[in-house]
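K.L.:
Both chains are sitting in their own frames, so use the hints and assemble them into the complex.
If you're matching them up, the sequences are chains A and B in order. Heads up: the first sequence begins at 608 in our numbering, then just goes up one per residue. Heads up: the second sequence begins at 29 in our numbering, then just goes up one per residue.
If you're looking for bench data, these hints aren't it; they were derived computationally from the structure. What you were told as hints is all true, and nothing was included just to trick you.
Derived DEER-like restraints, expressed as beta-carbon distance ranges:
hint : chain 1 : residue 1 : chain 2 : residue 2 : range
1    : B       : M350      : A       : A906      : 32 to 40 Å
2    : B       : L172      : A       : G773      : 23 to 31 Å
3    : B       : A238      : A       : A908      : 40 to 48 Å
4    : A       : I787      : B       : N402      : 58 to 66 Å
5    : A       : A761      : B       : T353      : 29 to 37 Å
6    : B       : A173      : A       : G773      : 18 to 26 Å
7    : B       : G243      : A       : L909      : 52 to 60 Å
8    : B       : K352      : A       : F749      : 42 to 50 Å
Straight line, CA to CA, 20 Å or less: simulated EDC-like cross-link-like pairs of lysine to aspartate or glutamate:
hint : chain 1 : residue 1 : chain 2 : residue 2
9    : A       : K907      : B       : D133
10   : B       : K206      : B       : E239
11   : B       : K149      : A       : E903
12   : B       : K358      : B       : D403
13   : B       : K174      : A       : D764
14   : B       : K256      : B       : D133
15   : B       : K321      : B       : D385
16   : B       : K89       : B       : E121
17   : B       : K300      : B       : E210
If you're wondering where the values come from, they're calculated on a predicted model, not measured in any experiment. Positions of the beta carbon are idealized from the N, C-alpha and C atoms, including for glycine.
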Amino acid sequence: MKKTTWNTLMARHPALFALILFVIIIIINAILQPGLFALETLNNNMRVFLPLLLLAVGQSIVMIGGGIDISVGGIASIINCVLATQVGLNGSMEDMWKFIFISLLAGVLAGAINGFFIAVLRLQPIITTYATGFIYAGFALFLLPNPGGGIPRAVADFYRTTTPFGLPLAFSVIAVIVLIWWYVRSTRFGRYLYAVGGKADAAYQTAVPVNWVVFSTYVISGLMAAFSGIAITMLSGSGNAEIGSGMTLNSITAAVIGGTAMSGGVGGVAGPIMGTITLGLMQNIVSFSGISTWWETLAKALIIVVALAAPGIINLFIREKK
Amino acid sequence: MSKKIVMIVVAMLTVFAMVLSACTPTAAPTEAPVVEQPTAAPIEPTKAPETPAEVPADDGKFTIGISNPFISSEYRTQMIAELIEVNAEYMAEGLTTELVIESADTDVAGQIQQLQNLMAKNVDAILVNPGDVNGLNATLEEALAKGIIVISVDQELNVPGVYNVGIDQKEWAKTSAKWLAETLGGKGDIVQIEGFPGHPANVARMEGVAEVLAGYPDIKVLATDTGKWDEATGQQVMSNFLAAYPALAGYWTQDGMAIGALQAVMAAAPAKYPVVVGEGRCQFLKLWEEVLKTDPEFKTIAVANPPGVSPTGLRIAVNMLMGKTVDTTKLGGVNGESFVIAVPWTVTNDNLAAALDVCKDKPDAYLLDGIMTNDEVLKTYFK
Numbered sequence: 608m609k610k611t612t613w614n615t616l617m618a619r620h621p622a623l624f625a626l627i628l629f630v631i632i633i634i635i636n637a638i639l640q641p642g643l644f645a646l647e648t649l650n651n652n653m654r655v656f657l658p659l660l661l662l663a664v665g666q667s668i669v670m671i672g673g674g675i676d677i678s679v680g681g682i683a684s685i686i687n688c689v690l691a692t693q694v695g696l697n698g699s700m701e702d703m704w705k706f707i708f709i710s711l712l713a714g715v716l717a718g719a720i721n722g723f724f725i726a727v728l729r730l731q732p733i734i735t736t737y738a739t740g741f742i743y744a745g746f747a748l749f750l751l752p753n754p755g756g757g758i759p760r761a762v763a764d765f766y767r768t769t770t771p772f773g774l775p776l777a778f779s780v781i782a783v784i785v786l787i788w789w790y791v792r793s794t795r796f797g798r799y800l801y802a803v804g805g806k807a808d809a810a811y812q813t814a815v816p817v818n819w820v821v822f823s824t825y826v827i828s829g830l831m832a833a834f835s836g837i838a839i840t841m842l843s844g845s846g847n848a849e850i851g852s853g854m855t856l857n858s859i860t861a862a863v864i865g866g867t868a869m870s871g872g873v874g875g876v877a878g879p880i881m882g883t884i885t886l887g888l889m890q891n892i893v894s895f896s897g898i899s900t901w902w903e904t905l906a907k908a909l910i911i912v913v914a915l916a917a918p919g920i921i922n923l924f925i926r927e928k929k
Numbered sequence: 029m030s031k032k033i034v035m036i037v038v039a040m041l042t043v044f045a046m047v048l049s050a051c052t053p054t055a056a057p058t059e060a061p062v063v064e065q066p067t068a069a070p071i072e073p074t075k076a077p078e079t080p081a082e083v084p085a086d087d088g089k090f091t092i093g094i095s096n097p098f099i100s101s102e103y104r105t106q107m108i109a110e111l112i113e114v115n116a117e118y119m120a121e122g123l124t125t126e127l128v129i130e131s132a133d134t135d136v137a138g139q140i141q142q143l144q145n146l147m148a149k150n151v152d153a154i155l156v157n158p159g160d161v162n163g164l165n166a167t168l169e170e171a172l173a174k175g176i177i178v179i180s181v182d183q184e185l186n187v188p189g190v191y192n193v194g195i196d197q198k199e200w201a202k203t204s205a206k207w208l209a210e211t212l213g214g215k216g217d218i219v220q221i222e223g224f225p226g227h228p229a230n231v232a233r234m235e236g237v238a239e240v241l242a243g244y245p246d247i248k249v250l251a252t253d254t255g256k257w258d259e260a261t262g263q264q265v266m267s268n269f270l271a272a273y274p275a276l277a278g279y280w281t282q283d284g285m286a287i288g289a290l291q292a293v294m295a296a297a298p299a300k301y302p303v304v305v306g307e308g309r310c311q312f313l314k315l316w317e318e319v320l321k322t323d324p325e326f327k328t329i330a331v332a333n334p335p336g337v338s339p340t341g342l343r344i345a346v347n348m349l350m351g352k353t354v355d356t357t358k359l360g361g362v363n364g365e366s367f368v369i370a371v372p373w374t375v376t377n378d379n380l381a382a383a384l385d386v387c388k389d390k391p392d393a394y395l396l397d398g399i400m401t402n403d404e405v406l407k408t409y410f411k
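Chain B with its partners taken away, still in its complex shape (with noise of 0.2 Å):
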């Protein structure tokens, strides 16, 4: 009786697939092709634009596509919600149409597929945060040989023709070590807490650490651990350097992490807090607020990793679809096609009322931002 399922089923498949090849012209892979559909009643009034990729859809507006594999965590979040902003801008000039998101959790498959419906959906550009380094290569690829333009945001891809946009991750970790070792004086014992070894952007920065600690023999790094990006995990991290280490002079640490390491040194209460690196977040200012109440000598840095290059390569992505000309020249990183972005914050005791007051407005979960106006972008990249 269950054969008979699978007979069906086979039947079904075969049916399927005579029908799917009968209708399918054989078209050449670059067009748009309509295939006659039972759509007689459409549910939702699509606007759907059937034009080829370089012709703008409808009305010469432009149209762009987001795709980003992890929701998790409060960068995406804000990333997501200044693209919409930064967009809104656009809208309002008549130039682009509302942003294509496709943003979920998912894998390397999954981040395939939102590639993949954002060329179905006729999308002029495509800002992608990749979730894999070199996975994603050949789908990109596809997408550009439709004359799409790619913009990896974030995470620096090397594949021809996609432009990375993203601040320097190795720079961004080699400003704070090079202040955490100036101010233990060139010596004491440090430890260290990384984020998700093997992930790109950990490893750039680690050896950007490792980079500046070289020249600073007397400065010992008694450990490592990995926090993976995690507030808790990195306070229960800390908590056990803490107990194997009372006499740490100060620890390196990462955004995501810092909070929690922070918080392990207040519960311990120490007469003389540690050197530490912060993160550029609000709760995390707020925290150092507090700890300098009781203990005004108390030094810490937070270099901002911001949200905001994600809004600044929309800026690029609309410039690029208006046909002006990038200036070559003022492009770095791996394979030359990469927009460097300032990082907007550095921030120490000196401007910490500064950044505190950015915070006053915002939720503790904020990150110190920065976005580039449309004028700077053009002023810095743009022929």
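This is chain A alone, in the form it adopts within the complex (with noise of 0.2 Å):
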């Protein structure tokens, strides 16, 4: 009887388990780092995670699309490369604004790319992202061969410390999100996005524009990428090709811990943001639960580990228990 009922509940809302996570992640941090809600600690974690986080929203819509992108931590360096040398550290605010909206196109068209190939030409996405990734990593390195550069400092500033509310600029920012994604799943696009996602074929012979829907995932995936390129290029203040090849596969992490299936079809944006601060959070934990050094990167994987595999683990138990 047990059973069912976490079953169903977990079938049903794949984004619990990131919830439950997610707040005994925060309760234990909170435990060991007393001043996590202090304002400021609050808002220096934020602004860490919101690159991510956007990143990861982008990543789950294209995994609930029945796809992955590993070429968004390119996407989001060609971005830092081009605020950081167009813009410059003391480029007025108009050069600012005119390139973020450059940025935002460009990812608009890499992500396109990517569709295009994908959607069109019917190409394994692993395998197209892998390498259109690498395109965008090395474009990034074309336009930026030595870490420099910058962006005005009264821009990185107001990313840094804008607290609007009274509360860190990235809740803002995901409220935004997540009343934007809400809109979008009552739409006929997000029911289309399931669909295609949980059965391609099925989801076609009922006239679904199955191309269509997978070509805009990449294409909105592209788009947060860009934003997340805008939001490292605040937080550092600096341009460095390298700066998001460490990201997309955090992103894929940051998805799947909040729930969203690799095979398609499940989740969500509220569980990568969860997700995103979970893993935030849990390096957080390792840092100030006093580890030695020498264990912190096997601790650190370890919890991650436990997290992807806790709800597996969860259902065995039940199984025999029965």
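P.N.:
Following this line, the structure appears as structure tokens:
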């Protein structure tokens, strides 16, 4: 009896486990780090998590549609290099806005290239985006061979220290994302997205424009990667062509911890948002637990593995009890 | 039905936000606010120091934090181990507490998080081995504003107020380049294997090499390729070079790749070895000894890139925290805030035996090193 309850619960609410984990991690972190909820600490954490959060949301949408995008880090790097080289430390606000707009267009374009290969030419998503990821990372290196450049200090300070409504800036961004997603889900596109990710053939037979839906998921992912690139540029205040390379895999991890299924058709944006914060707080927990340096990496990796495996382990236990 | 989740989450976030805004005092940013928490059962005996940064934490001892974003190299492993060792001296004297070490493979955002965590732990000084030349600037300035002493080790930063401790990378490369040019008698064909293109240390080193070689017009650089500071890649690149240019007079390379490059030459087993640039690592010295058995005329040089600059930086930090005054006339570098450390080892055939002696009880990966003593640091850099 209990088995069905748990299983159906998990099937219906894939983000439920992410939510449980999220709460547990917050509690552990708060115990180890008593000042966690002070506005400054909270903002310090959230401003670091936001770039990955934006990337993970885009990644989740691709994954819901049944694909995967491992070029997102490369796109974020391009945006970082464009802003750092074109705006510069002494650039005007006008330039900043102009190049933020250009960055978003570049993100959409990069996503559209991925989408074209995958939806129109029907290439494997993982191989395609792996390859285009190198192209994007290479292009970033071409734009900015040596780390340097930057954006005006005022822009970086705005990102780092603004706290609208007495809350970290990231909370407002999250609220906007959740509201938009809430609306999108109720549209026809939202329903198509899950249909395509769940069973593309069946969706096709019921006259869902599968190609367009798949194409659009990569465009959305490219756009989110551009936002992520803007955020990481504002966080670091400078340019580095390598900046996004480590973020790709983290975005997938965050999405999966957030209950997004690699097989498609399952997930949302609340999951990756919680997943990203969970992933970031895990780092804090390892840091504040006072564990020996040499064990830090292993400890963090173990926590991630446990977090990923936990739903399966729980299922196993329930099955055995029966 | 899944709409429900979204609603639940939104509701949760709202509640979460309300709770937060309710219990967060609009505190001045420099305070270390103690927020009431359900910490009824402290799991561990956490002794989180709650004092402002300037005042040394519990019973006047200093706490020093380390931030390192890259762990997959022997250099960093040796660095961390030596930092712990040197700090143990000061702990025994009752001057410092246990080091707070943030060390894991991570990116710019991750290192910013490392630094923020160190600040949250109220350290008195931060030693940072920066993974990005500019990306940490704003965060380091926040640390300075809290009265924390910030020292960048191994990599020079240009942030006013942040001190640098390290060797002069350009001079370091010039030493071996000059030796190579002179040993070749000022003429011959050579190749170069460089580290990561664009990495500041590599850029400085290659500039140094180019400057030296400009003075020897008869030395021709046939090709330059990157070995990515990786032994296997260095070996592969060298094999390709040997196939393309069998009559090389010599080559210039850097630490991390010299072992692989020499192994490639050894595999080709030439009658006469080229003049090569090596690295200050025990494994290289042992290969060197081996080659000398087959070719007694073999010439190479190893200039140490010492991880010991970090523990030396720790000594500087402790003395600064104790209120001793830095003799600013002794500092150099981009912004005049760099403690430039002398290279402890330059090994040629003349002193190979002495260097091999050091390696006797060390693992192959050990890097020839030098840590300044407390007295040396005081005498060299303080008033």
